[in-house]
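There are 2 protein chains.
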Amino acid sequence: MREEAKQNKIAYSILGQRAQPPVIADLMHRALAQPGLLSLAAGFTDNETMPRAMIEEAVVQLGAQENNLEHLQYCSNQGRQGLIEALLHRLNHYQEEASTSVFSADQLMVTNGSQQALYLAMQTLCDAGDIVLVEEPSYFVFLELLRGLGIEAEPVPSLQPDALNAQFERMRKTGRLDRVKAVYLEGYFSNPSAYSLSTSEKASLAEAMQRHDVYVPVIEDAAYRELYFVQPHAVPSIYSLDAFVTLPKLYLGTLTKPFATGLKIGFAACSDADWRGKMLSVKGHQDFGSANFTQAILETVIKSGAYDMHLANIRAHYRQKALCMANILENSDLRQRGWSWSPPEGGLYYWLKGPEDVDTRMEHTLCKTCIDHGVLYVPGDLCKTVSGENNYIRLSFGALPMHKLEEATQRFVSVVSKR
Amino acid sequence: MREEAKQNKIAYSILGQRAQPPVIADLMHRALAQPGLLSLAAGFTDNETMPRAMIEEAVVQLGAQENNLEHLQYCSNQGRQGLIEALLHRLNHYQEEASTSVFSADQLMVTNGSQQALYLAMQTLCDAGDIVLVEEPSYFVFLELLRGLGIEAEPVPSLQPDALNAQFERMRKTGRLDRVKAVYLEGYFSNPSAYSLSTSEKASLAEAMQRHDVYVPVIEDAAYRELYFVQPHAVPSIYSLDAFVTLPKLYLGTLTKPFATGLKIGFAACSDADWRGKMLSVKGHQDFGSANFTQAILETVIKSGAYDMHLANIRAHYRQKALCMANILENSDLRQRGWSWSPPEGGLYYWLKGPEDVDTRMEHTLCKTCIDHGVLYVPGDLCKTVSGENNYIRLSFGALPMHKLEEATQRFVSVVSKR
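As they're listed, the protein sequences go chains A and B. Residue numbering for the first sequence follows the numbering used here, beginning at 1 and increasing consecutively. Residue numbering for the second sequence follows the numbering used here, beginning at 1001 and increasing consecutively.
I should point out that these hints are in silico values taken from the structure, not numbers from a laboratory. Zero decoy hints are in this set.
FRET-style restraints, in silico, Cβ to Cβ: (1) A128/A - H1093/B: 39 to 49 Å; (2) H1089/B - V245/A: 49 to 59 Å; (3) I1014/B - K9/A: 23 to 33 Å; (4) R172/A - E1207/B: 53 to 63 Å; (5) K173/A - V1386/B: 48 to 58 Å; (6) M1309/B - H93/A: 39 to 49 Å.
Cβ atoms here follow ideal geometry from the backbone N, Cα and C, with glycine treated the same way.
Can you build the whole structure from these sequences, using the hints too?
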């Protein structure tokens, strides 16, 4: 008899044994537990600009086709045909540099937020012990996802040719290069750093991969691409850069992050038909298709132009909020105290680097003092694979309305200034 | 260098290598590819009874709280608080035999259909090579899910005490009993057989498990429990049967199968806090929470009573449709030709057993002839783990409106009669 059975305990799988409560759940729990706490942590959309009326109109419009209520029925596993067409038009519209349409309908799939596409990609590519190359810092929920699957995240500190060659050489010598199964990039207004990759950074990566025979899929997470403030980041995605032609590619995005996160619809475009089939197979087991109703709403608002109107509004709005946060940060003494940051040109985040002796981690003084003073941030160590770098902070200006954002940033600045 | 890299092929994970296109996708594809084909295959909800107006009203009602549009924002990972409360009330209302409320809020989680809960359960419990005990026949998407994860499905042909003891004894001798990590049951109007388990069948299982020290979680999939025609199946769930008190339990259901599948909201109640935490952890990686918007709609219609009104309507409607199919089947010569079936008292399916020499499989004559004559069914071998039993068919009366259901059943009967 197994040991667990003797003790009347559940015998978990390896994955089950590895499972830990997600950090984000803990942060959300804290935010909810303390009344009056203002969260600069959550990467939520803006409460004030929620497209309530657009969604209602879409629902009514869909329901008006009395004889065809298929939007209330199951969807096919790969996603709603009409939404895929609308999405395709948007995607190809972006690739202004390309002479032809780089995305095609049979490459697309609709997912439960872009998060599910990340999970499916990792499940189909990596076994426990494999390595995924990530930027430093990187999206912390993705880093958690990797840990949950037993996959190692290896940081790529620089996307310059010499640095990449040196890193790949080093990894080959220690046998680590053969264990690399994928590369994960955030090309546009990264979470958490707000940094966008340049064409030459992307190209250098592709060239180094090919020089070192690292023929593995490259995943570009473009969740924040549409959330620019003034103009799009004028760098093509990996999908339309010549340097990536021979590499398998997965391009991820979300339709609801810049619209209403409560509808939770993401998508992926995959350059490799076989790999896409495998991801869809696993999705078939996980849910056999995302909710048709929310997909139909998005199809309707995209086709009517309402979606783009909303994006235009929200861009101006987020720009204002980023400026509001910038003013408070710049008018504080944080820079004199050794803090530094770059103003974002899109996305939802400020990424602050503190002096070496600051420890921003959750169980340390600064974080606790901030919570005591009614403000929550994301400790930067969650976004890092290099341990020991515990002096970073992510601040989000996404969710809070302007006056609360001001108040929250003031609270943050006053705690950090007093330190 | 790896072999795959040399050939410029993607090196998949073990799970990725195992991934096959889902059978259900193939069936859906056929249904869409042939105009005029009537599908008795899909387990869809009814097109005619879609609760369009209820959904619209709920959306408008939710939007009326201008200052609180949180239903358009991300939801917490475990699910929407208000929906969980509404659900809890429904669940405990069912357990009429129990003197106390058997379900509690901290046991519940909301998922992307009950399918996701099944996937999370299997991920956290089973490694490849482990065994899950299933009824025979069983839900074919679950059997596919198991294959996708490399888990073996072992049929339990009988839930009688002697048969169970003999089977467990046999499994112990061959070392298979120690590999059993979970038991999967469909207690109510099973997919595909429409069979509901008796109290003594459930209790016999629990007793046999305890006698043989098979201390593993029991999963009861109650997806069709609410879809009775005249009265509920008067057998408690595993959650409130004394025989299961010491065993870990997972009770699954869906809120959208009997309402509008396009909204795709399922749930699970888990008796083991540690296990639930692990499933939520994995859900955190897969999507960090189901769509808040569709959860809010369901909360609204449940609390207003609209949901129960819809259920009352749809029960009467499905009963009519089941009777329509019954009439055509009983008035045919199928019984004389050696076919047999029991009239369902709930659910969406007829489960037909053909003569031994009939082969109902997808690539064989009967199935192809049916498709040629414009009707599609689910071949029963998909629902079976015992190979060689290829003379079963699942017919669904769920989706088609009455006149088309009649036409489709006539087509089916005429092909089978001519055979």
